[in-house]
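Asker: Going down the list, the sequences are from chains A, B and C. Each residue of the first sequence is one higher than the one before, counting from 1 in the numbering used here. Each residue of the second sequence is one higher than the one before, counting from 1001 in the numbering used here. Each residue of the third sequence is one higher than the one before, counting from 2001 in the numbering used here.
Hints were generated in silico from the structure; no laboratory data involved. One or more of the hints may lead you astray.
[Claimed, not checked] Derived, one-sided and incomplete: chain A residues facing chain B with beta-carbon distance under 10 Å:
no.	residue
1	Trp26
2	Gly46
3	Pro49
4	Lys50
5	His52
6	Lys53
7	Lys104
8	Asp105
9	Ile106
10	Ala107
11	Ser108
12	Pro109
13	Ala110
14	Val113
[Stated by the list, open to error] Computed list of chain B residues with no C-beta within reach of chain C, every gap over 12 Å:
no.	residue
15	Met1001
16	Pro1027
17	Asn1052
18	Glu1063
19	Ala1072
20	Glu1073
21	Ile1075
22	Gln1079
23	Gln1081
Quick reminder that beta carbons are idealized off the backbone N, C-alpha and C, glycines included.
Listed here are the chains, written in short residue letters.
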Amino acid sequence: MSNSAYITGTCIIREHKILLNDKLVWEGKGPELQDFLRAAYDHVSGQYPKFHKMDPLSKLGWLAAEVLLKNNPVLQLPPAAVGMVLTNRSASLDTDVRYYATVKDIASPALFVYTLPNIVMGEICIRHGFKGENTFFVSEQFDPALLAAYPAQLLAETPLQACLVAWVEVMEQDYEVVMALVQNTGTQPLTKEALTSLYKKK
Amino acid sequence: MADLKAQIIEQLNLQEVKPEDIGNDDPLFKTGLGLDSIDALELIVLLQQHYNIRIANPEQGPEIFHSIRTMAEFITAQQKQQA
Amino acid sequence: MSVKVWIAGGGVISGIGMNLQENLQAFKDMRTGMTTMQYLQSVHHETFPVAEVKADNDTLADMALMPENTSRTALLSLIAAREAWKSTGLGDISRYRVGFVSANTVGGMDKTEDFFNSFLANPQGGRLQQVLHHECGAVTELVADAMGIRHHISTISTACSSAANALMYGARLIRNNIVDIVIAGGTDSLTRFTLNGFNTLMILDQQPCRPFDDTRTGLNLGEGAGYVVLVSDSLLAHIQPWARLSGFANANDAYHQTASSPDGTGNYLAMKGALEMAGLTPEDIGYINLHGTGTQNNDVSEGIAINRLFAPHFPAMSSTKSFTGHTLGASGGIEAVYAALALKEGIIYPNARFQHQMKELPFTPATAFSAGNDLKHVMSNSFGFGGNCSSLVFSKE
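Let's have the full structure, built from the sequences with the hints guiding it.
Answerer: If you want it as structure tokens, here you go:
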């Protein structure tokens, strides 16, 4: 298969730090993930009150996309030309547990909505108007082979011109987002090795 | 109605809204607070939790949840019935 | 890119039958699967009809040749996947490069619910890692192991379009020569978790559901599993194909977390994309297996999107969820098997309990079973929460 997919931007969120294209853009304080997410939202954006209704998985994916896509020409592409391939280990388990805790009293519809891992993709699509293909894989660990091969195939064979590729994992206080923007033109080829080294960056 | 506003903000996670931002007659959905169908379901939960009022038919929603005033009137009417 | 991908067989277990033949007979007899709950323990026992697989876990474990404590989601998966493989006549699975791409949304939730109760009582109990073994990916691994599949194993979780996306991914694995065969589809068992959840969304019908009927008031949940066997053109001489997977597309509705946009934008884009990939025009489609959940919102959005794409020539269409209930992550797999079988035998499936035409739509679904129809291309729609919309097109040749 010819390689015509390139990484044109990256965003990593972990250990309460946000890195855009390898550079630290913001660092949060305090131990709690929810507090970090709120502070990160205030720093990054504001102006999107629906953020507060999201579960941590959606907040993390949404934040990474927000940082990565700020003023990016990808936002000018036709809606159906931007897609997404996301993966994680715990699916929506973090929210499943919290939803389940409400069932004994009165089950919460607002929490139930987030008991599916692909809702984070819906949130990113709603925010940016993306209507292209999107898929969510559940894998035991970060899988650079899958994340290199499949988006490249989508760019080659479908109307997609850009694809957000990410590992978005959260379980209680443990979380990790490694997101790359992938396009058909660029300088850094999308390879398994490139993603592996991205994942290892601190 | 002030209590109701605080409860709505809490229940719907409206972190950037203050009770005084919500007018008694402002529409809660679409143009006003911009609530959606899931918020409507959470308002039904709110009525059950705080006022022990059950709504079985979601189609009643738009009428009851039009504004703070219509919600408050509905709650008062229900409480009179129960008393 | 243009390697053809064939459907060499399929298997289904659902509320209307333990195998595909029983499912087919249920359609012929107009026998739907919704009853009062028999196997799931729930406070909603008397309230909501469901389409359960009519067997307890011990019986399913015996059928699947698995230990009795295996998650029901995995048991259903294994039973349907084995049937699918057997129907191909390809013999010893270890002779081929085979992938298994399976979708589900609840994972081992049926087992996990018991765990949650002890976890919530003592969150510091440190047993959270155990629950991961019941999660979505573990179900797929368990079934792949039991089937002897090693070359490629993936789990997809995109709500109710999960299994359709599994077929798309599987077809691409074959086209890129990563494997020659993929068993693709999905599985989900009925759980209190999903039942309570859909109840909070107030979209469960307390009567048997009425998809595409003007009086519809919601869906019934079901359970089951369905898999097709996708086979590369290079193995065509070894199979008797039921159909070819000729087109597919996925789009995001980008409107709301759970609701479809009023004009069904995502639905329209998915159907249009699948037709374009297959090189077909709307008139070529002879039958549509609708997503057709029976909710107010889904059916009107899907119908409006169909009207926009197909008017004025509407193919026969029906929602088989009027028989099986909504099997969530399994539905796209079960309905893909129905669609492939439709081409093989010229079947148009009935839409049960349809009486009143929807006022928004100029067409009505098929209400009677028929076979021997001259079908060349059929479409299967699967639309999920998160705006995830998929459409598959199957062709006879």
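Asker: Which hint numbers does the structure go against, in order from smallest to largest?
Answerer: The structure breaks hints 1 and 7; every other hint is satisfied.
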